[in-house]
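Work the whole structure out from these sequences, hints included.
For the sequence shown, the working numbering begins at 1 and goes up steadily by one.
Rather than coming from a laboratory, the hints here were simulated on the basis of the structure. Any given hint could be a false lead.
Unchecked claim - Listed next, the in silico DSBU-like pairs over lysine-lysine satisfying Cα-Cα at most 35 Å (straight line): (1) K139 x K22; (2) K106 x K22; (3) K139 x K106; (4) K89 x K34; (5) K84 x K139; (6) K76 x K22; (7) K2 x K34; (8) K84 x K22; (9) K2 x K139; (10) K2 x K76; (11) K76 x K34; (12) K2 x K22; (13) K106 x K2; (14) K22 x K34; (15) K106 x K34; (16) K139 x K34; (17) K34 x K84; (18) K22 x K89.
Fair warning: this is a prediction, and the values are worked out from it, not measured in the lab.
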Amino acid sequence: MKITKAVIPAAGLGTRVLPATKSMPKEMLPIVDKPAIQYIVEEAVRSGITDILIVTNRGKGLIEDHFDRVPELEAKLENGGAEKAAILKEIRDIAHLANFYFVRQKETLGLGHAISRARSFVGNEPFAVLYGDDVIIGK
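The structure is reproduced here in structure tokens:
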């Protein structure tokens, strides 16, 4: 059976990486030129995942913004000529990597509770759980 749904719990407080995470979600910390969570999403998509639910918490709006379109930025890049065309394509492609859904975990009650917030999203289908701050670089 092919797995096409994934849940990314991203509602933690990021205490292990303070002070870097005081004002930025740990999932959005950059690794070279992309936030950590984007690498995770890209790998999921390469594995056949088409629908991704990200469980967030208060202060994690940057994650939702990252996987959404930004018409004002796109318009500015469109007027930037050929040199901005590649970055414009990359920015637009982020929003279309998968079908993104978001749900908020109102209280930080642990990983199991965060995953349980995905119950209506996954139904009775098999799904993957991908950790939004777990990046392993292979050869």
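Checking one constraint from the list: CA of K76 to CA of K34, max 35 Å. Satisfied?
20 Å, holds
Can the restraint linking K2 and K139 be considered satisfied, given a maximum Cα separation of 35 Å?
26 Å, holds
Tell me if the straight-line CA distance from K2 to K34 falls inside 35 Å.
28 Å, holds
K139 and K22: Cα distance at most 35 Å?
32 Å, holds
Mind checking the alpha carbons of K106 and K34 for me, to see if they're no more than 35 Å apart?
With Cα atoms ~27 Å apart, K106 and K34 stay inside 35 Å; holds.
Could you grab the alpha-carbon distance between K34 and K84 and see if it respects the 35 Å cut-off?
17 Å, holds
Is it true that the CA of K22 sits at most 35 Å from the CA of K89?
With Cα atoms ~31 Å apart, K22 and K89 stay inside 35 Å; holds.
Holds or violated: are the alpha carbons of K2 and K22 at most 35 Å from each other?
38 Å, violated
K84 paired with K139 [C-alpha distance capped at 35 Å]:
Holds: K84 and K139 sit about 31 Å apart, inside 35 Å.
Under the criterion that the straight-line Cα-Cα distance not exceed 35 Å, is the pair K106, K22 satisfied?
18 Å, holds
Hinted pair K139 and K106, Cα distance within 35 Å:
Roughly 39 Å between the alpha carbons, so the hint for K139 and K106 is violated.
Quickly compare the C-alpha distance for K76 and K22 to 35 Å and report which way the hint goes.
OK: K76 and K22 at ~30 Å, within 35 Å.
Of the hints listed earlier, those the structure fails to meet are numbers 3, 10 and 12, in rising order.
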